[in-house]
Amino acid sequence: MSKLDSKIPAGPLADKWKNHKDHMNLVSPNNRDKIDIIVVGTGLAGGSAAATLAEQGYNVKAFCYQDSPRRAHSIAAQGGINAAKNYQGDGDSTYRLFYDTIKGGDYRSREANVYRLAEVSASIIDQCVAQGVPFGREYGGQLDNRSFGGVQVKRTFYAKGQTGQQLLLGAYSAVSRQIGKGRIKMYNRHEMLDLVIVDGKARGIIARNLVTGEIERHSAHAVVIASGGYGNVYFLSTNAMGSNVSAAWKIHKKGAYFANPCYVQIHPTCIPVHGTAQSKLTLMSESLRNSGRIWVPKNIEDAVAIREGKLRPENIAQENRDYYLERRYPAFGNLVPRDVASRAAKERCDAGYGIENNDTHEGVYLDFSTEIQKKGKEAAIEKNIHNPTDQQIYDLGKAWIEEKYGNLFVMYEKITADNPYVTPMKIYPAVHYTMGGVWVDYNLQSTIPGCFVIGEANFSDHGANRLGASALMQGLADGYFVLPYTIADYLSADIRTGEIPTNSPAFDAAEKEIKDKVNFFMTNNGKHSVDYFHKKLGHIMWNKVGMGRTPEGLQEAIKEIEEVRKEFWADVRVPGDANGMNMELEKAFRVADFLELGQLMAKDALAREESCGGHFRWDHATPEGEAERDDENFKYVAAWEYQGDDINQETMHKEDLIYENIEVKTRSYK
Amino acid sequence: MSAQKGLNLTLKIWRQKNNKTKGQFETYKISDVSTDSSFLEMLDMLNENLINEGQEAIAFDHDCREGICGMCSLYINGRPHGPDTGITTCQLHMRMFKDGETIHIEPWRSAAFPIIKDLVVDRSAFDRVMAAGGFISVNTSGNTLDANAILVPKEDADNAMDAAACIGCGACVATCKNGAASLFVGAKVSQFALLPQGRVEAKRRVLNMVKAMDEEGFGNCSNTGACEVECPKGISLEVIARMNREYFSASLDQG
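So the sequence lines, in the order shown, correspond to chains X and B. According to UniProt numbering, the first sequence holds residues 1 to 670 in order. According to UniProt numbering, the second sequence holds residues 1 to 255 in order.
Source of the hints: derived by calculation from the structure; they are not laboratory data. Worth double-checking, as some hints may not be accurate.
[What the hints assert, rightly or not] Ranges of calculated distance between the beta carbons of each label pair, as one might list FRET restraints: (1) Ala149/B - His386/X: 39 to 45 Å; (2) Thr389/X - Lys177/B: 45 to 51 Å; (3) Glu347/X - Arg199/B: 51 to 57 Å; (4) Arg199/B - Asp577/X: 47 to 53 Å; (5) Ala509/X - Leu145/B: 46 to 52 Å.
We treat Cβ as the ideally placed atom computed from N, Cα and C, and that holds for glycine.
Given the sequences, and given the hints that come with them, work out the whole structure.
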């Protein structure tokens, strides 16, 4: 098998990408329509890639499981997108964005990739504004910025609390334009079920038409996977219900290495779990942390009284509130990175101070009262109101909050029936983003030639933790500005290949395997629904491969998942018909993959005997409970190679991370 | 959260195997539904029961369950996205219903949105309208102007954002007695009409989008305003007025 070659270009960091672009092979415009490219997934990464590749003249076939590319889960991102524009003149630069991202990722990402990301970030904003994305503006007509967790400059561009939506609709409009021109052939309600490899190169996919149930063959000269992350392995997460790992997992089983699967980001500001019927968790944008103060009661009696409904949080005096982030991390306070904020919330809840009235009492407050007061007073001065009443201050402050975050407050109230302008929001960490993914080189190519992986589906750029507002940045950077260059270098060898036939033995074999599996699911007639197994898996993952991990717990998890897998294949029940829409069948395929990946996640977490970013091991913590990284032994990317059904047999390859331009330091937000 | 309460409900749900067969209402009972559950979680529970009884699950569209992807639909007791206002079905919570209530659940009703199965309809007509002109023709190369070289008055940017907030769920079409798509198309036309970018092709855009909208079988707008009432994102009728203005002036120019 191929060894890990990151293909990082030589030369000084700041010139690597430029030099690389200058020396890559090109496909000339008149040859591009001889080349077909499949793009799986139409979120920010897949959508922007499909649009750009089509614009350049390639034939693009794009696939998404939703009814329209406009519904990809990128649409749900709320807070913003980072870019090193330094419009605020507060000292931002390409280097500083690069530095913050590397540090935020706990020194577990590749320098060259991250620098390139920071470098192209400014172009993303230019591109999106040109497309008509209505970013927030100042009164002078210029773009406004806000700050986000983990950084000390204001570099985040936003469109109210709907930044992901607006960026995705921008990409979708670019996709629509190319569909209208006939340059993109869009396959809605289709799911990729396998990758087809011919003579060692990715040459197509097997997909299921989710409306007719038909199993289809699609060929191409290259396949781009942009299928997002795998957070739904936990069953409860902030991911859309349909988000799945299948495309990435299928290429893993065909030879692509899967990197750092244990790196999962637990987002600190989600609405807590309400009960056993819960299907999905809802995120409250991280941008709220700019204006909200996080606390739990200082006295445990108050926490108990709140849970029992005998005390309202707004009636607890300031001195009886424990603003634990401000207490523990004075320099960053409520804006510490996500992993730090999440663990701190867990620590307080584990100690008994949680305020949520559910089985686990998991919940803390995100309080806007201080900000409402502060902004109300500021607005009163601006409006020349010299002796404002308390009500006037509140009203003005509330108006300010409403302008900034109104839609989030409405959303919160609809879900919880609590008014967050009066009663502090209840929040708790939840599974959000997965930093692990398919291993790719600098060109975003996996270890399978011709199979490229972009956006959240690959492992690159965020290291062990993702800073806020950087997922949108990576998705669009990969799709608009990186892949279109690097894929050309690969495709330049294919201009004489001609159309790839779909009647070859490789397509036959891949199709047969899928049809057999459909057949199995439809005739197994076991005792339990797909969700039954998914919830079982999720329970194991959250408890043993969640925010805090121990070697014993991980070993148990590996065994327990293995048992659930066996039970699944013996006892799963999929009702209905395969020749038409069957959402239970769709789920069965996805959960089969989650079960295998879950086991690998636990195995990876067990092997990484250190704490870093989203991966926290209780046996590697400082006496104050902070993460203890081990750079000497673990400064590498763990890339796993599939070895057949027994996930325990997967072998690990290491890509050493070399830091030449940045000093590797202990991450501190104190 | 509010105190949990278990609801017992009777559900009348539209079942239809596919586009070629006729559908009918079926009656289902469900008990002990938590008032803190969402409407879709209630349907998940029902499906779990059906599967355990060996029956086929009810197909319905849903995805993000955060009110933003626009995938969920459903006519609930005669209203798109149910009895609450300003929300999608995934944000509708069971505390809106009473114990013992009978709930009617149907798919979107519109000729332009054919039924695929049960409660799932085909909204790809929206995509085709978008492909006819719902974009600014800018090369995706990144070699464009610096973003701050295009100044946009804050009010215009905010108004454009309000129009751009449309999630393309189709509630406006489903509730309209004519099955018009004017709120959806008007929202996109308005977003671009309020911004300096893309003005050079404004006339082409509105003419093409309106033409595509008509060709897809959407009805005409008669300004009844039901779309505005049912829009989960509060898109205002103003966007239709703005679209009409844009269309009128583009038509005059076309002469």
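Evaluated hints:
{"no.": "1", "hint": "Ala149/B - His386/X: 39 to 45 Å", "verdict": "holds (41 Å)"}
{"no.": "2", "hint": "Thr389/X - Lys177/B: 45 to 51 Å", "verdict": "holds (48 Å)"}
{"no.": "3", "hint": "Glu347/X - Arg199/B: 51 to 57 Å", "verdict": "holds (54 Å)"}
{"no.": "4", "hint": "Arg199/B - Asp577/X: 47 to 53 Å", "verdict": "holds (51 Å)"}
{"no.": "5", "hint": "Ala509/X - Leu145/B: 46 to 52 Å", "verdict": "holds (51 Å)"}
Of the hints listed earlier, there is not a single one the structure fails to meet.
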